[in-house]
Every structure is written in structure tokens, then in C-alpha cells.
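Peer 1: Here's the letter readout for the chains.
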Amino acid sequence: MIRFSYSILISLLLTVVLPVSSRSQNRDQQLTAGCLQVLSEVMIHDITSPLVASRDYAYSMIAFYEAARYGDSTYLSYSGQLNGLGPLPGPQRGLEYDWFIAGAAAFYKTGYALVFSKDLFQKQWDSLSRQWKDRPVSAEVKARSVSFGEQTASLILAWAKGDNYNHTRTLARYTPSRQEGRWQQTPPDYAEAIEPYWNQIRPMVLASPGVISMPAPAAYKSPRFMQECKEVLETSRNLSRDQTWMANFWDCNPFATQTVGHLMYSIKKISPGGHWMGITGIAVGKSGQKLTGALATYSLVSVALFDAFIACWDEKFKTNYIRPVAAIQQLMVPNWDPQLQTPPFPEYPSGHSVISMASAAVLTRIFGDGFGYQDTVEKAYGVESRSFTSFNQAAREAAISRLYGGIHFREAIENGSALGEKIGAYILEKIRLRKGPLR
Amino acid sequence: MKITRFLLLLACAPCMGQQPLFTLLSPQKTGIHFQNTISESPGQNVLAYEYFYNGGGVAVGDLNNDGLPDLVFTANMDQPTIYFNKGNLQFEDVTAKTRIRASGWKTGVTMADVNADGWLDIYICRSGNGEDDQRSNLLFINQHDGTFKEMAAQYGVDDKGYSTQAVFFDYDNDGDLDLFVLNHSTKRYRNFDVAWMKSAYDSLAGDKLFRNDNGHFTDVSRQSGIIGNPICFGLGVAVADFNQDGWPDLYVSNDYDEDDYLYINQHDGTFRESIREYMGHTSKFSMGCDVADINNDGISDLMTLDMLPEDNHRQKLLKGPDGYDYQQMLLRNGYYNQYMRNMLHLGVKTPGHIEFSEIGQLAGVSNTDWSWSALFGDYDLDGWPDLFITNGYMRDYTNLDYLKYILPDEFKKARAEGRQPDLYELVKKMPSSQVKSYLFRNTGSLGFENVTQSWGMGLSALSHGAAYADLDGDGDLDLVVNNTNKTAFVWQNHAEDLKNNYLKIRLKGGPKNTFGIGAKVLVYASDGFKQLQEMELTHGFQSSIEPCLFFGLGKRKEVQVRVVWQNGKSQTLAVGEVNKTIWLEQANARDTVEMEKPGPYLFTELSGEKPLFTHQEDDYNDFKREPLLPHQFSKYGPALAGGDVNGDGKTDFYVGGAKGQPGTLFINLGDGHFREMPSPAFSEHSQYEDVQALFADLDHDGDLDLYVVSGGNESGFEDRIYWNDGKGNFSFIPGLLPPTASSGGAVAIFDMDGDGYPEIFRGGQVTTGAYPQAPSSYLFKNDHGTFRDITPEFLAHIGMVSAVAAADVNKDGVTDLVIAGEFMPVTICYGQKTAPYFSSAATHAIAHSAGWWNSLQVADIDQDGKADIVAGNHGMNSQMKPSPREPLCVDAADIDSNGTLDAIISYYIQGKCYPQPARDELLDQVPSLKVKFPTYKDYADATISDIIPQAQLNKALHLEAEEFRSGIFYQDAPDSFRFRDFPPEAQAFPVRDFLLGDFNHDGRTDILLAGNNFAVRAQSGRYDAGKGLLLEQQPGRLFSIPVNTGFHASLDARKLIRIDQYLILANNNDKIQLFHIN
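Chains A and B are the protein sequences, given in the same order. Mapping to my numbering: the first sequence position 385 is 385, numbers consecutive. Heads up: take any position in the second sequence, counting from 1, add 10000, and you land on my numbering.
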């Protein structure tokens, strides 16, 4: 490992780094956001689950970063830092590269391999990539950069193959418990639980899915439990306009069905992870981070999302906890409906709380606390933008919005937020992407 | 008798000459220009009212008492239209003159003589999203001068619910007409607390019953047991005396999750909803329904419609995930078994009861797309009720691509263009599903032949309500159809060309029921013909027929007519002149009807309140591991075996346990009493799923030892031998039997070498996790009580073995083995006297016999001195009906190289072979195929070669089945077999086991069948048409089916054995049943 880092360092030092104007840097950063957009849109079309989406984001963004990071020699590789990720190729010494093209090629190859609707991905990619046709580099440089990107992608994909994803596709489908207080399929679709074996996916940084322990939720029908049910019920009955807005803003349900008789249609929104990748894009844009820094940010957020989902799912299927809609309809008000459609998996802890706090931890470390921004991500899904004074404020709002939405109890939100914060800190402690502070 | 008649009828082609049976009459000829015009607007559309596209109805009846049937059409948005029949198929629109006006959203229409003045009145239902006063139902009282007066409020029948249709009938048997109103909800509830939803009351959604109290109607819904919850979505109603107790019962079809209701009349002014006691399952999205005696056995049968398309393409567009867990949850929460297809419920007599055996798939009428009206009528007058079905839907949004891709993409596009998505605009752009109506000819053998084209009906439209009537008075049934956005169809019937005879019967009932509603008329003839019809006017969907019964008679010229009025009086008369109308009057009926005394039965059930043993399955669900399996192999038990274990001359029996439940030995105490004999050896082995057992003297010590086969689809497949101490105490000695490693399915014990120590063949049922790979089968040589595995290679993986019989098939003095199973031909392994006893050279698979066999026996059925093979198969009451030309296939390969075998079944639909799984099911098994099939449309025409790449397909495990019928392989010459299938009644269910014996004491061998299979995929639905069936052998190798033998096997039957004068029937996950053989 040490020898490997050394060789990377040598190749880094010998690589010709071309001076690039800040305007073109800005453009690279916009194009990067465009690449991410293509990936997000295809995943939304395919109704990709939030978990699979987090996996697609992480591998694609890591590939992007690893193929493009040579544009700034202060940035370091993930290899040796992420579980199972071995040495990656370096560029050829003394030769010219276009690092954006290299990174985009790596991203494209990785993303294409991971998404389902490949034709759609290709179509959108073709229209996007026209925007960098006219870059002032020779065809030879372009070809070399693409080739380097593809080489990187191949290794990233080979690494991804070892994360147990394919194996989890072959396991027995989930059988809900019939014990009272356990999770049951929820109205209106009563869909089967998604990804019951996601804790078998290899985390990228965490030593194991359950390495960070968390308290157990309230016992079913205990006074505390009944109090929590009551809170969800009362809250839902007295929702302010702002609370309704928050619930919808952070809904992030990739597939909420609506039924009118035999007519069914669906509302698709970007996944929770996709929302935070979007926030990352906003922050990157606002801060004017250069390409390599931007990619470091994106990829590190995607790593946090990836691990946060694994830790969260580990706990969800261990506790296998009942959703408010099931508990309240059975114990309190038979015809109560939550504001939001309940997603199909156990309740504890709240996934949005875990992944939001983990993402916010990473973003706060890079951009600082008190970084204000306007979140426009949900505009495309028909929800008005909201303003935030910090990432942590946004994450806390995302977390509590699940109570307003009637899909989580307070404990799942609070304990989930604590878990997310710890995961963020854990990752930031383990991963070093730059000599000097990340910014 | 029945079969010869059937053959005779086949000979006369349905259509003679150039003219098809039906021709469409032009509006110019008839004067009928009515159409149900639906115009959508922002306030009036399917989003505002979900039954916006359900269409209108038709009522037929002689409104002006001129002897000619007149017509009333309802339009949802426009005025109802009334046509008087002027004769010669010409009609006059008299709407304005009748003074009938109706605003609001009109739905069903029915006629009845409500005020008993001898003139038909008109009742029109209303629904829609308008105000309450725009929704109250309307009663137009006939003023005898061509005008009508709306008097619903005066009569008390102005129900404000969301009504679909109504039916007038005399539910309390007091001589006047009461009223049932079929309503529907306008809001869908999806809730955990089903008990709450079911017990909640919604006066606008709930159905209503109005009692006629001297001409004024009183709402008695709540005190009479009528369900009025907010999840009622009533789309069909039928009245008939379903249980033949002389009182009218009600069937109600409900759309969506709510069960259909079968209201059994309690004779005290109340009904009891009893669907669970009468039917194994129902349609899911139940729509129109109809009643007729379709098999001419004198028992009313019922058809309910649903929305399963006939063609593969449309099926694939609308089928989502199988939804097994969701279905199980609905069942646990109190809903009943419901599946999305048309159901044909055949009334079957069981001891003290009538039950319905659902045979829609067997009969070929299960898939007719989004269907509305079912109308049974003998359109060709051959004596068998035929079936007309209307269908079509104005906006074809069942296509799942709309749900998942098309609409969300449109929403996204709208937002990108800065617009608010407008669902209404998008719905308006959706195409109609214009499907041809279906016309089926009753073949007389529980079958219906699609004659839509040949009888001239090949026109597509959005057809909803429909009624038949003899419009031109020539004795055959013309059809009138209410179409959406298209002129109504008037089909003239030309059955007169077929030269079949008919009889029209009109009734004059009591003073307050002038048309004799509720009377039952049985027409029968000396050749055994009999047919029951009940006089009810509401039929089909939102429609009613004229008060007249139509009997087609074929070539018969003399019949007997027996009428039973609802007051219990009856009259029988001989009719020597046919092709005319006869009048029957209640006043002339003087005979008193006596209830038919049941029995004497061939068998008497003695199970009693407390069953001897109840088999209890664990929760294991095979579909979790192999989602594409056709059925669950973990539910093949219990094992059942009989033998005299203590030498007292009485046969005792062993019944096996499911996983986690020990098997139990019962000692026969005589007189139908059994005592459980505790056995630690069995208790210690409760981890095994016992699927087969046999008693045999394995150690040649003069007592019966017990061999138990371990099966299932989980783990623990070691068979066990329990040794008898001669007194019925069994012990287990490890190490004597080589361990069996596959899930077992069948066992035979036979002494090959005559040394007194019998050998064992043990067939493997399934390879756990790798269906349909052949599991290991075993041949064990008995070396004085210890066993040696001497399985020849060809036998070791002979197939998925479910049944084996050891017998000397070729009469050479050496035992042969007949082996069959799933995707296996009936295979005969001819034995040799010395080890290895069997060889592939001396093995013969009967050509074209590959099936899904469950049971086998060898016996000389036809008494010709040669052994025949009786074999129970899957049956034909299924979507899959393989034949040598159109086999059922399974291809298995690891498509995505993930280490699991992907087994895909395909079968023929309309002449082409398509994969069975819906897109979501396939993607669940092979997620990477999402790349190949990104939409439902992309998958809708896929065949197996589109799923499995050719290179892989060439190497894939490929199995076929060509025969699903149960029957007998008659050995005509040595090793030459001729298959003869059982009669259609025996093809309605998987025959899991059977007994041979002379149960009717006529000196010939009978066959007593039991079977079913409840452990199947959610969408295919339980096979539960089996109610227990006796086949009596008639000379000439034909079988007849006696009614009500007393053998009642309607559970998930698995094993049937005879014990002295008793039968034991073992059912999966249920009690065992005990019968006395009389």
C-alpha cells in the first residue's frame, strides 16, 4: 500500500498540469453538474430505489474524481482508503490530458454500466456531451483522456462487482413478520419491502454496517410508543402551511402512486440521496470550487450517502419497526392517512434523517457552518424552493419533515439524526482526500 | 347419454347457408338511432367520477301491452330513450310521448310491474358526482296510455345512493315484489383495519333492500343483513334460488378488494352473506353477472365477469407483480380469495348443500378483457345456454406503462415547459380499448366455443348494457346492445335456419306479482334432457330482459314442463306442440312441492366436529426463493398410509406431519373409531415434511414396517424406516437406509427377486432452489433389512417424480414400475428378475404423455386381461392447456450468471408460445433484464428467445408437457397404450389421488377422485374446483358421473386411502376426513 501511494505520488509529480483559466474551470463545474443530472434523471425514470441510487451515485462519482483528480496535485486518491479499493492507474508521464474529459469518460462508463435504461442514458449523454465538443484540446489528447477515464472506470466497476450487490439479488424475498408491532406492508400499494439485505453490501468506509450502535426504539404499545403515535396524529391534524411545504419538499419519494378507480398514475421525485447530491451541486456552484475540488466534494458526499444507507438499512431490518400508518390505523384512528405516502420498508431509524445528517456533516466540513443557500432541487418536481442558513439546518429540517409527513415517529428522527452525524464524523476522520484542508 | 348427444350436436354446424347466425340491423331499418354519448369536460370526467366510462343499460318489455317487446335505453348524460316495437323489427322513438325525463347520471334500468296492474313500469338508477337530488332513483309508473308518471318518492324507492342497477323480486315470499338496489362507493379505502371498513356504514355506497308493504316500500337494508359499507362497489346483481330451498337468494358482484356477496335467504326476512360456504373464490374486479343452468342438470350456475384480456400482449401490459404477500395479507385481514378473471361457478350437489365449482378456465370463458354484460341465452336453440359478453373501455389506462413511465414523463415535460401537469388532458388523449364482444356456443360438455366471428359478431365497440329479446317474434333471441359513442347494436338472430325447436313460456303469477317473478321452470324430455330457468328480469349489466322464458329444444318435439311458483305450488304438463308460446298460471298450480330428499349416499362422512388429525403447514413460502415457480412444493403433504400394524385384522393408518409436526399412528378400534397411538420415534422426527408413506414388511418378520418419504422444499429430506415390534410399536434405527438427499415425491415397495425382502423405489420430487432440474431418485436393494443404493444411472435423474406404481404391467411375472411426475411422461420401467432390475433399454415413455402428473395406479379397468394405467394429472381448469401441438415448456438457465437457475415457463396463447411471468415477476428473478425490457410494451410480445440469449437457450434445460388431462392409458396390446381422458367434470381440478373400487355395486370398477391445489401463485389462483367426484364405468368404456355420492372433498386434498369399510382423505393444512363406504 505504501509502495503504491509512492508510485502514485511520482506519477503525479511528473504529470504535466496545464494552467486553466477560472472561466473554463467554472464551465467544467457546470458540466459536471450536467453529468450528475443525466444520471439522476435516468434513475428517476427507472424508479430506482434510494439505495440502488446511492450506489450508482457513489461509484460513478468516485470514478469521475479518480480520473480527473490529477488536475490538482494536492488531491489524493480513494484507493487504499475505501474498503476493497486497490490501486488505480495513473496517467502516462509527460503527456497532456484534459482532466474533465477523462473524468467524464470514467463517469459515463461507470454510470452506463450501472443504470437500467441504457438507451435513455445514452441519448441524454449524447446531447450533454455536445457541450464539450469544442474544448481547445487536440483529438489526440481527447482520445488519450477518454481512454484514461475508461481505464479508471473499468477498475472502479471491477471493485464495485465485489460489493455483494449481485449476490443480494439472488437471496430469498423478504417475508414480513406477523408479530405485532413489526413492519407490515403499507397502504395504498402494500408494496413488498425493498432491499432487505442491503446490510450485506460492503460499506465503503464503515468497518461494518452496525459499527455505530444506536438505542432501541420504544416498545410497541408502551406508553412512550402511544405518546409517539399521538404526536404523529396530532401533528398531522394541525399541520401549518410551512410544515406541509417542508413535508412535500423533503418527500423525495421516487414512486408515489395515485389512484382514481382503475386509473393509476404516479408522482416521481428525486431520491433523498439525489436531493443531497443536488444540494452539493448548489454549494459547489455557489462556492466556485474548481473541478477537482468539486469532484472531491461530490464523491465524498456520495460515499457518505452510500455508507449512511447501509448503516440505516442494517438497523431498519434489525428492528423491523412498524410504520405510523399501520400503528395509528390499528390502534387509534382507523381512517387516518398520513400526509405523505409511506415508503415500503421498516420505520426505524428514519433514512432521510440518517443520510441528511451524514451529508450535512461532509458539506459543513468543506464549506463551513453557516453556509447559506437556496435549495432549488425540488422545483423540477413541482415544489417551491426553500432557503437555508446552513447544511445542518437543512438536514434537521429534512429529518423533522418526516414527522410532518406522518411517515416516521420522533425517535426514528432523533436517533437517526444522531446516527447520521456520527457516520459523517467517522467518514471525515477516516478519509483524507487532500494534502491540507478540503475546501 | 350426455356424450352421445354432444357428438350429435357437433355434427350439425352452427351456421347453415351463407348467412351467419346474427346480422346487424341498420338504424335506418330499425329506427333505433340511440347512442350513449359521453363527452368529457373539465368538471365531468373520470377524475371527478370514477365510473364515468361504465356505460348505459337496456331494458326490454312490452310497455303498451300490444304483445311486442319494447325497448328502453339509458344514456349516462342524455335522456333515456324509449322505443315502441311496431313489428317487423321497426321501432318508433316515443320518448317525448312517454313523458319520461331523467336528468343527472343514469346507469341501470329494469322493468317490473311494481304496482301489479298488469303493465310494466320502469325503474331507472342514477349515480354520478352531482347533487343528491340528481341522484335519487326514478320509478316511472305506466299510465296505460303510452305515458309514464315518475313516482319513486311516493313509492319510497327514491334511493339517493350511487346506484348501478336494481332488481325487483319477492324476497320475503309474501306474494308482492320487493326491491334490491345495487350501489357503489365513490371513494377507495386502503386501510389496515379491514374489520372497521367492513363494519362501517355508508348509506350512499351501501346496497339497499326495500320491502313492499302494501304498495309502499320500506328500507329494511340494515335489519335484513344487507352489507352497506363504504368499500362496496356493486357492479352486478343476480337473483336465483342458489341453494334450491325455494327462497330467492342474491349474488352481488363487487369491484376491487371487497368480496362478492352471496346472500342466502334465511326465510325470516333476513339474508346471510355466505360466499365462503358456497364458493372457493370469486372474480376480483367483479362486474356484470348472470345465472343459467349451463350444464342442464337442473341447478342454477353463475357467471361473473372481470377484466383479464385474452391475448398475451394486453395481459403483459396490465399485469404487475404477482403480489403473493399482499394477497395473503388481504386474506388474513378478512377478505376472500379473489382473482382477476371471469368465473363460471357450476352448482354442484354435496351432502345437504349446494356448492359452486369454478370452471371458467376449463370452459374457456375466463378471459374476455374488460367485460360488462354476461348474458346466457340459447342463441342457436340447441338446448344448451350459450353466452354473450359485451366489453370495451373508453380510456385504456390499465396499461402499466402509463402508471410508471408515460404519465410521469408527461408531468415532467409539462413542468419543464413551465406548465402545471393536467391529468385530465392526459386522460383525454388515452385511446379506447375497443374489443369485440364475445359470443360463445355451449358445447354441452362444460365447454364454450368462441363463435364470435362465425356467428357474425365481429364488430368492435365500447359495449356495456345488453339484453336479449325475441324482437321479431320468431322464437329466437335477438340481441340489443347499448354502446358508448356509437349507435346501439340490434342483432337479428336467424336461428330459424337451423330448424331447431323452441318453447317460449310466459307466466301469470299471483295478484301482486303479475309476471310470476321467482318462478322456476324445468323443461325436460324423455331422452334425459332437462333445463332449469328462473324468472328474473334483471340480467347482465345495468339491463333487464322481458318477462318470458326461452327454451331451445334442439330437435325435440315433445317435452314436459314443470313450473314451481314461489308460493311452493307446482304444475307439470306435457307439451306436444313446440315452436310456440305457452302461458302458465299460478292459479292452475295445485301440486305441493316436496323438497328432494337427499341420498341414499354411497358414502357417509363421519368426520364429526373434532377431526382425528389436522395437518398444519409451517409458514414457509417457496416463492420467496424461487419467485417463478408455478406452485409451492413445500405443501405436498400429508403422507397417508394404511395397514394392520398390530395384527388384529383391522386396518390402522399413519398420517404424516408437516415440517414441525410429528406424524401420527391411529389404531383402528372398529366401527369408525380410531385411537391415537403415541410414538416417540415419530415425535423425534417432526422436523421432516412427510409427503408419502407406505406400510410393508421390510424385515420379513411378519409384521408391517413403515416407510416415510421426506419432502417439501426447504431441507431435511432423509427418508425414514420405522420398525414394527408386531404390536404397533415403531422404532427408528439409524444407518439402515442410505440417506436420501432430494425432496421426495413418491415411493413404491416391491420384492423384485422374490427373497421376501422387498426393494424400494423412491422418486425425487424437486430440486430445492433449482426447479426444474431432475432431483435424485433412488432404488434400494433390501439385504435382509439393510438397504443398498443400486440406482441405475438412467433412473437416478429420471425427472420430477410425483407418482409411482409397482405392478406387473406386461404380465411376465416380474414387477414393473410406472413412474410419472411434473414435466414427465408416463414412463414404464419393465423389471428384470436380477439386479439392477431396471435398465434404460427396458424403459418406455408413453408418447405425448408428458404432463404434470400427480397420481397413478395400474389396474385392468376394461377387464380385457391387460393392465391399464389410471393417471391423475393437473387438469384443464387453468390458463395453460398444453397439447402435443402446443406444449407447455420450461427453459432453465442462469441468465444473469449469478449462480441461480432462472426457470421460465411458457405456454401457448392464441397459437403462439409466450413466457408466463409478467414483466415485474421476470425482473424480480433476473433484474438485469430491465435493460432489455425498460417498459411493459417492450416485454409485451417477448418470447423465450428474447429473454434467454440463443447461445444460452441452446444449452438450457428444456422440458415440455403435452397433456394435462387426467385419464386412463388402456393397454390394447403389449406395451401399446391408448389414452382416454376422463369426462370434463374430472378435468376441472388437479387429481391428486384416487381410489379404484366398485363403490356403486354394479360389478364394475369405479374411480373415486380427490384433488385440488391451493398453494399456487397469487395471480393464477387456487385450484379449488374439486369437490370429490365418482366416475362410474359404463359399458363401452365411458364414464358417467352420479350426482351427490356423499363423498365431499372440497379442501386441498392430497391422499385418499381405503381402510376396510372406510375412506380416509388427507388434506393439506387442514383436517383429515373420514367416510363410511355404504
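No lab work stands behind these hints, which were simulated from the structure alone. For each residue, glycine too, the CB sits at the ideal point set by N, CA and C. Incorrect hints may appear among the rest.
Computed cross-link-like contacts, EDC-like style, restricted to lysine to aspartate or glutamate with a CA-CA straight-line distance of at most 16 Å [what the hints assert, rightly or not]:
{"hint": "1", "chain 1": "B", "residue 1": "Lys10413", "chain 2": "A", "residue 2": "Glu378"}
{"hint": "2", "chain 1": "B", "residue 1": "Lys10187", "chain 2": "A", "residue 2": "Asp119"}
{"hint": "3", "chain 1": "B", "residue 1": "Lys10727", "chain 2": "B", "residue 2": "Asp10697"}
{"hint": "4", "chain 1": "A", "residue 1": "Lys379", "chain 2": "B", "residue 2": "Glu10417"}
{"hint": "5", "chain 1": "B", "residue 1": "Lys10412", "chain 2": "A", "residue 2": "Asp337"}
{"hint": "6", "chain 1": "B", "residue 1": "Lys10932", "chain 2": "A", "residue 2": "Glu378"}
{"hint": "7", "chain 1": "B", "residue 1": "Lys10930", "chain 2": "A", "residue 2": "Asp119"}
{"hint": "8", "chain 1": "B", "residue 1": "Lys10412", "chain 2": "A", "residue 2": "Glu41"}
{"hint": "9", "chain 1": "A", "residue 1": "Lys161", "chain 2": "B", "residue 2": "Glu10718"}
Residues from chain B that keep clear of chain A, each with C-beta distances beyond 12 Å, as calculated [unchecked claim]:
{"hint": "10", "residue": "Gln10019"}
{"hint": "11", "residue": "Ala10152"}
{"hint": "12", "residue": "Gln10420"}
{"hint": "13", "residue": "Leu10612"}
{"hint": "14", "residue": "Ile10667"}
{"hint": "15", "residue": "His10784"}
{"hint": "16", "residue": "Ala10859"}
{"hint": "17", "residue": "Leu10953"}
{"hint": "18", "residue": "Ser11020"}
Only some residues are given here: those of chain B computed to face chain A with a beta carbon under 10 Å [said to hold, decoys possible]:
{"hint": "19", "residue": "Arg10188"}
{"hint": "20", "residue": "Phe10285"}
{"hint": "21", "residue": "Ala10416"}
{"hint": "22", "residue": "Asp10924"}
Peer 1: So, for every hint listed, does it hold in this structure?
Peer 2: Checked hints:
The straight-line distance between the Cα atoms of lysine 10413(B) and glutamate 378(A) is roughly 15 Å, inside the 16 Å bound, and the hint therefore holds. Among the hinted pairs, lysine 10187(B) with aspartate 119(A) is inconsistent with the structure: their alpha-carbon atoms are about 40 Å apart, more than 16 Å. With a C-alpha separation of about 13 Å, the suggested pair lysine 10727(B) and aspartate 10697(B) falls inside the 16 Å cut-off, and the hint holds. Between lysine 379(A) and glutamate 10417(B) the alpha-carbon distance is near 12 Å, which keeps this suggested pair within the 16 Å criterion.
Proposed proximity of lysine 10412(B) and aspartate 337(A) is contradicted: the alpha carbons are some 27 Å apart, above 16 Å. The hinted pair formed by lysine 10932(B) and glutamate 378(A) fails the criterion: a straight-line CA distance of about 31 Å is larger than 16 Å. About 12 Å separates the Cα atoms of lysine 10930(B) and aspartate 119(A), which keeps this hinted pair within 16 Å; it holds. The hinted pair formed by lysine 10412(B) and glutamate 41(A) meets the criterion: a straight-line CA distance of about 10 Å does not exceed 16 Å.
In summary, the hint linking lysine 161(A) to glutamate 10718(B) is not supported, as the alpha carbons are separated by about 38 Å, beyond the 16 Å threshold. With a least CB separation of 39 Å from chain A, glutamine 10019(B) remains clear of the 12 Å interface cut-off, as annotated. At roughly 27 Å, the least C-beta separation between alanine 10152(B) and chain A is larger than 12 Å, which holds for a residue marked as non-interface. Against chain A, the non-interface label of glutamine 10420(B) is violated: not every CB pair exceeds 12 Å, the least being about 8 Å.
Against chain A, the non-interface label of leucine 10612(B) holds: every CB pair exceeds 12 Å, the least being about 28 Å. Non-interface call for isoleucine 10667(B) relative to chain A: holds, since the shortest CB-CB distance, roughly 37 Å, exceeds 12 Å. At roughly 44 Å from the closest C-beta of chain A, the C-beta of histidine 10784(B) stays outside 12 Å, upholding its exclusion from the interface. Against the 12 Å criterion, alanine 10859(B) stays outside the reach of chain A, whose nearest CB is about 43 Å from its own CB.
The claim that leucine 10953(B) lies off the interface holds: its Cβ sits roughly 21 Å from the closest Cβ of chain A, which is beyond the 12 Å cut-off. With a cut of 12 Å on Cβ distances, serine 11020(B) stays outside the contact zone with chain A, its closest approach being about 18 Å. For arginine 10188(B), the interface hint holds, the least distance from its beta-carbon to any beta-carbon of chain A being 6 Å, beneath 10 Å. Interface hint at phenylalanine 10285(B): satisfied, since its Cβ lies 8 Å from the closest Cβ of chain A, which is below the 10 Å cut-off.
Interface restraint check: alanine 10416(B) against chain A, minimum CB-CB distance 7 Å, threshold 10 Å, status holds. Checking aspartate 10924(B) against chain A: minimum C-beta separation of about 8 Å stays under 10 Å; hint holds.
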